[in-house]
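Asks: Using the hints provided, position chain B relative to the given structure of chain A.
Chains A and B, in that order, give the protein sequences. The numbering of the first sequence is the UniProt record's numbering, which starts it at 1 and goes up by one. The numbering of the second sequence is the UniProt record's numbering, which starts it at 1 and goes up by one.
Don't read these hints as lab results, they were simulated from the structure. Glycine is no exception: its CB is placed at the ideal position from the N, C-alpha and C atoms.
No farther apart than 25 angstroms at their CA atoms in a straight line, the calculated lysine to aspartate or glutamate pairs in the DMTMM-like style are these:
(1) Lys-244/B <-> Asp-114/B
(2) Lys-112/B <-> Asp-85/A
(3) Lys-88/A <-> Asp-111/A
(4) Lys-85/B <-> Glu-75/A
(5) Lys-85/B <-> Asp-140/A
(6) Lys-195/B <-> Asp-262/A
(7) Lys-88/A <-> Asp-63/B
(8) Lys-195/B <-> Asp-209/B
Computed footprint of chain A on chain B; a stretch qualifies when at least three of its residues, placed anywhere within it, have a C-beta under 8 angstroms from a C-beta of chain A:
(9) 44-54
(10) 59-68
(11) 81-91
(12) 117-130
(13) 160-172
(14) 267-275
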Amino acid sequence: MSSRVEILNAGGYRSDGRTQYELRSLEIILGDSSRPRTINLHDSASNPHPNAPDGSAIVGHGLTVVSARVFGPREPLLRREAIHDRAKLSVQVAMLPFSGGMAGRRRGRGDKRLLELGAAIESTFESVVQTGLYPRSQIDIVVEIHQQDGGTLQAAINSVTLALTDAGVAMYDQVVAVSAGLHSTAVLLDLTHHEENDMPHLTVAVMPRSGKVTLLNMEARLHVTRFEAVFKIACEAVTVIRDEMNSVISKRTTSLVASISDSAGPRNLRAGNEMDE
Amino acid sequence: MFKFAPLGPQISVYEGNAHDSYVNEEEMDWDDDLVGNKTGIVAPGQTITSVTEFMRGHGTFADGDEVAATVAGTLQRVNKLLSVKPIRSRYVPEIGDLVVARIVEVQPKRWKVDANGRQDAVLMLSSVNLPGGIQRRKLESDELQMRAFFEEGDLLVAEVQAFFMDGAMSLHTRSLRYGKLRNGQLVTVPPILIKRLKSHFCALTCGVDVILGVNGYVWVCKHVKENEQVGEDGFNAESVYSNKNDYIDTSTRLAIIRVTNVVKVLAQYYVSITDVTINHAYDWVVETGHEPTDLLHEDVAEALIQAITIS
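Same shape as in the complex, but just chain A (with noise of 0.2 angstroms):
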């Protein structure tokens, strides 16, 4: 079936008419997901129901959609989970059953490939999250993958930095995921499904800061001689994605401070009784 399309063609350009190391368009939404996606003058920043999320963001690679829910830290639900020098990391993942990719199989809560999506998730954040800064905590994280179009991984990965930016999670550094995979000679980047189908491919997780991997994934067989090439450019695509999460984390921080400090300033609204700091 999807050997009459090509991968890359004379031309260079891919099937969904990318070239070799352009990333498809990135969407992210960090904040309160229960909300429609209007375009507003003030994101909603608050979501005043009891036991809406502490921070969650939804990303978009292309038509892959991916949303992350941050619960905590929070009183673990089982005391005998708490740990009590440090704080509990759960991933819960699930696949909404319209999310199709041509896999087609419904993938249920106990499915096996969810939950190693889950400890994978798991793992790169445990090191991540300082979780030194909240003993006898669980920190719940919920990942719902919306649409597939391969890159699921790495649209899991990107949306749970967000969720825990915005919940306030204190991280050493932000994590940042991207697939790349290679066809003959040639390095492609931020792979679709039909692409994953067809070629050997990798999901690399990178902590941006000190450049240290902390996630690497291949379930093909790629040759050593080439393997250093393709993990070299999905390294440096990461930087890209990172600048972009950063700049969304940048502008939201911003207007929240200045809708609090609108409201604190010096138009006569300060409390009658607010203390001198």
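Replies: Only chain B this time, still in chain A's reference frame:
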């Protein structure tokens, strides 16, 4: 909504150093030697400074010679101490804070209380006002009837008394202003919106009382007249630990709903919540003649925010 197609063909030139700080050189001259953009807003993992003489406070960590942020928020500097205040987070308690909280569990000699912190708070039986004498010691009979004071699901207002070794907070209600809450309803808002005030018990001009818990829980209730408050001598467990609401007339109920919705809207637009902002917003609602429920429509909410921030 945000769309971006980051990489063009030029990406094939891989000469840049991946570990460059992404703060532009021109923007680095913020405050003395602080690296950070001019607004003082940082993201996790962003280098704040590479000058070693700074001390690192909350929200930062040392990576070799550099100090970097661990949360997204605003950079604050007190002399040599650098800290980053997160723009959104759970409640971080301080001793003396007034909090509104909910009982989640009754344990031997203590209640476990949800106060929006990273762990459940503890309310010891010895730190509540017991019926009878004003400052009497707890008895075995008190231990056996703890549910007569607070049951699961009860809301209370308390003060942060101390911390345990693991950072969990211990509360106390040893004041006649503290204790069980009734005659009203709860609104939850992000804790950062509640500034520390001289008094968190606010009697609004509209005849509704508001308790602004620093932990982001706001209690809106019927006004209690000064002379009807339970006095030192008239302390009786009947009224303090009662589970029954007083009679609340319709206009008070409407006022409570209006205040509640005002607080919800303020929180939604991330405006700080004080007695003044609530009064201001309430007056606007009354002036414009909106029904309490109208506030939940986006256009009305936006008009409200416009009105109270640009005035």
